[in-house]
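*Asks:* Taking the numbering used here, the leading residue of the sequence shown gets 1, the next gets one more, and so forth.
Careful: at least some of the hints might be erroneous.
[What the hints assert, rightly or not] Distance ranges between label pairs, derived from CB positions:
| id | residue 1 | residue 2 | range |
| --- | --- | --- | --- |
| 1 | Glu133 | Glu169 | 17 to 27 Å |
| 2 | Glu209 | Leu39 | 14 to 24 Å |
| 3 | Leu47 | Ala163 | 14 to 24 Å |
These are calculated hints, taken from the structure and not from any lab test. Ideal Cβ positions, reconstructed from N, Cα and C, are used throughout, including at glycine.
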Amino acid sequence: MWLAFDTATDRASVALGTGETDIVETEVAGSRRHAAALLPAVEDLLLRRGVGLGDLRGIALADGPGSFTGLRVGASVAKALVQTRGLELWTAPSLMVRAAGVATDGALVLALADALRGDVYAAAYRFTRGGVETVLAPTVRRPEVLAAEAPVPDLLVGEAPPALVEPLERWSGRAMVRPPAGAPHARWLIALTARPGGACRVEAVAGWEPVYGRPAEAQVRWEITHGRPLPGSAGGSR
Numbered sequence: 001m002w003l004a005f006d007t008a009t010d011r012a013s014v015a016l017g018t019g020e021t022d023i024v025e026t027e028v029a030g031s032r033r034h035a036a037a038l039l040p041a042v043e044d045l046l047l048r049r050g051v052g053l054g055d056l057r058g059i060a061l062a063d064g065p066g067s068f069t070g071l072r073v074g075a076s077v078a079k080a081l082v083q084t085r086g087l088e089l090w091t092a093p094s095l096m097v098r099a100a101g102v103a104t105d106g107a108l109v110l111a112l113a114d115a116l117r118g119d120v121y122a123a124a125y126r127f128t129r130g131g132v133e134t135v136l137a138p139t140v141r142r143p144e145v146l147a148a149e150a151p152v153p154d155l156l157v158g159e160a161p162p163a164l165v166e167p168l169e170r171w172s173g174r175a176m177v178r179p180p181a182g183a184p185h186a187r188w189l190i191a192l193t194a195r196p197g198g199a200c201r202v203e204a205v206a207g208w209e210p211v212y213g214r215p216a217e218a219q220v221r222w223e224i225t226h227g228r229p230l231p232g233s234a235g236g237s238r
């Protein structure tokens with residue numbers, strides 16, 4: 001049995017189950033609630049299924065890119081559970097989780113999220129019966145640069161301000177699948193643990209960090225002021 005969560009956005013998604021159809025799931029709305037509400041959400045799902053942490057095989061976690069604070073909360077909880085309970089840790093990009101929720105066999109899915117400062121996080125995946133192919137690894141791009149570099153997708157999924165989304169909808173000829181269907185749902189993380197090219201197991205858990213995509217604003221200001229990397233900072237673009 002797997003416990004999965006995606007905390008990369010303002011809506012944390014938590015799921016518990018053994019496969020695509022045997023899953024219970026809940027959400028926590030509001031990025032500032034992640035730290036206080038994630039563990040209670042986990043406990044609620046365990047109670048609903050009548051199982052305990054000892055029944056788990058592992059944790060499946062969306063490892064970014066996305067909210068700096070949200071990803072740190074998710075990583076901290078996941079690492080604590082994995083290390084204290086001897087569980088496996090598997091991760092997949094949050095953009096892959098978004099894409100998995102809308103993918104059809106053989107379709108190229110371009111997943112997007114707001115990266116702030118006029119940029120988007122973007123990645124493209126093709127899902128087939130044989131597994132998941134990463135056509136464009138998660139990156140940070142201006143919409144116009146993305147349109148010049150990325151392959152034209154069959155499906156567009158995610159969320160970002162209209163000024164960023166509309167040029168990409170015109171370029172692709174596809175309307176974006178927005179939340180709730182276009183949100184990264186943790187149930188798809190569980191499915192991705194069984195798909196070649198999907199989630200990957202983390203072997204060195206102690207030194208692992210999420211892929212934030214870009215430094216948080218506070219980190220950027222600190223590094224500009226001090227002229228060196230923030231001590232203890234990790235992660236980066238995938």
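*Asks:* Against each hint, give a clear statement of whether it holds in the structure.
*Replies:* Each hint tested on the structure:
1. Range check, Glu133 to Glu169: Cβ separation about 24 Å, and the 17 to 27 Å hint holds.
2. One distance hint, 14 to 24 Å for the beta-carbon pair Glu209 and Leu39, holds here, with the actual separation near 20 Å.
3. A beta carbon spacing of about 43 Å between Leu47 and Ala163 contradicts the range 14 to 24 Å that was offered as a hint.
Comparing the model with each numbered hint stated earlier shows that hint 3 is the single one that does not hold.
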